[in-house]
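> Construct the entire structure; sequences and hints are all you get.
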Amino acid sequence: MSEPSNRKNMSIGFKIVIPTCVGLVLLILCALIVSTRLVISKTKEMALNKVKSDLSSTYDLVEYKYPGPWRVDGDKLYKGELLINGNDEIVDYISKVTQGNAVSIYKGNVRVASTLLDENNKRIVGTIAPDEVTLNVINYKYDFYDTVVILGQKYQGAYRPILDEEGNVIGIFSMAVSQKSVMELVNDFVLYSSLISSIFLILILFVLILIIKKYVVNPIKIVSKSAVDMRKGDFDIDIPVSITKHSDEVGILSTTFIELAQKIKDVIYNIHVSSDKVKYDAKLLSDSSNSLADGVNKQASAIEELNLSINELANEARKNAQNAQNCQRLSDSSQKKAEEGRHFMQQLLEAMEGINHAAQRITQFTRIIEETAFETNLLAVNAAVEAKRVGKYGSGFAVVAERIKKLSDNTSRQAKETSEILEGMFEKCKTGSEISKKTADNFFEISESINKLSKMVGQISEYIAKQSDSLSQISSNVDVLNSVVQLNQSAGNETAHASGELLNQAEHLKEIVLKFSAFESPQDGQEDDEPKEGFLDFDNDNIEIINL
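Residue numbers (our numbering): 35 to 582.
What the hints contain is simulated information worked out from the structure, not anything from laboratory work.
Please read all numbers here as calculations on a predicted model, not as lab measurements.
Below 27 Å or equal to it, Euclidean Cα-Cα: the simulated DSS-like pairs (lysine-lysine) are:
{"id": "1", "residue 1": "Lys259", "residue 2": "Lys299"}
{"id": "2", "residue 1": "Lys141", "residue 2": "Lys130"}
{"id": "3", "residue 1": "Lys247", "residue 2": "Lys259"}
Cβ-Cβ distance ranges computed for the label pairs, FRET-style:
{"id": "4", "residue 1": "Ile245", "residue 2": "Arg71", "range": "31 to 37 Å"}
{"id": "5", "residue 1": "Asn155", "residue 2": "Ile52", "range": "53 to 59 Å"}
{"id": "6", "residue 1": "Glu293", "residue 2": "Gln539", "range": "25 to 31 Å"}
{"id": "7", "residue 1": "Ser524", "residue 2": "Glu293", "range": "42 to 48 Å"}
{"id": "8", "residue 1": "Asn345", "residue 2": "Leu318", "range": "39 to 45 Å"}
{"id": "9", "residue 1": "Lys464", "residue 2": "Leu441", "range": "30 to 36 Å"}
{"id": "10", "residue 1": "Gln398", "residue 2": "Leu441", "range": "20 to 26 Å"}
{"id": "11", "residue 1": "Tyr98", "residue 2": "Tyr179", "range": "22 to 28 Å"}
Here a beta-carbon is modelled for each residue, glycine too, at the ideal position from N, C-alpha and C.
Here you go:
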């Protein structure tokens, strides 16, 4: 938390100089790194060229100073008659000629003579050459150059094959230049370069700080002080002409501050003038808002009563619709019953017709019975006559004939009575049939009337349903209107409250304006409602004023 706070409290001079210093330091570091890498590369290249040159020249020197071919005798390596194994004189001589190069001579890939010393200050012999050296020099008969590590130090090594008279590789002639001297040269270069760069950087920073302080920091401090004075309410800005005459950013900022201070003074005056007008308008608005709120409250009460009446009417309409539906159902049921009664009367008519036909058939049967009884009676009389004529032999038959005659008389009498009864029943069936037909016709008329009544009740039910829907829609619209009125009521109350707040804010604004030390009352003869200038507009030029 403290570090960001310190950065916020830094002056603008530090904020400009520090990034500039960091940039210059990074630039110099990059230049040093690039130049150091370049020096190291060139130095290594020089060391490689030197070791190549030394290898060729010393190999030729050995050929010249020590005549005779290279040869191997057992485990001994000879140059002519000179034994190389353990011969320190020849390697020291070569090292001296090459100004301290490390010299080693190998028999095969085994070191037999060397200027290198171990930690006990003894010559390093008997060691094996690296595999890459053996492969390239002994197997391929090439000169080989590579960086090698000897006793923890890096060397630039050079290796050449030693050939006998038949051209066979019998050993290795090697030379190595220590890179320690190379790194010492590089370190010296880096040290001197860093020292020169630091001096150059300090001079640049000193000149840069002077320029920034004179042309940036000091003018910004003056403008900043003017801004602090403006924050305290003092708009009498005093910025030297030496700063405002420049056309750079600082000069434009200074000129803008002076113009801004003057325009703010004008704006404060206009605010003072406008605050009185706002106060007056706010009072009018408050009175109008209160009147509007009262009217909206009365309107809300009236709409609430209207809504209750419409709801009651809608409830009655729903009840009427329900009753109409019940009448519709009863009418449908009555129509169904009437249809059933008419159907039953039709069946009764058909049954009466059947009875009438049956009665006619029975009448016919009765007539046949009467005729049969009459003939039977005649036969009985004839039988009685014949019985009397026979005498005592026909007395039994006469009794039977008498009996038959009585039965025939009874049958004839019963048939006649039955015929009379059937005639009466036939007349009654005819009358009942006519009554049933009239009743069926009445049932049909009743069914038609009920059907018409059902249609009328259905239409009434539809009209009542539509009326109920219309009342429901009206009720919904009244609810919406009630909501709107309530919103207007709330808005009116809020407007009245806001008007009161606006009135208070106008008073408070006037008090704030009077606190500015730069505020001046209008001069004599200048009316309060004539504003000098108004609010700020940054669209034209630098700052433009819009009249209130």
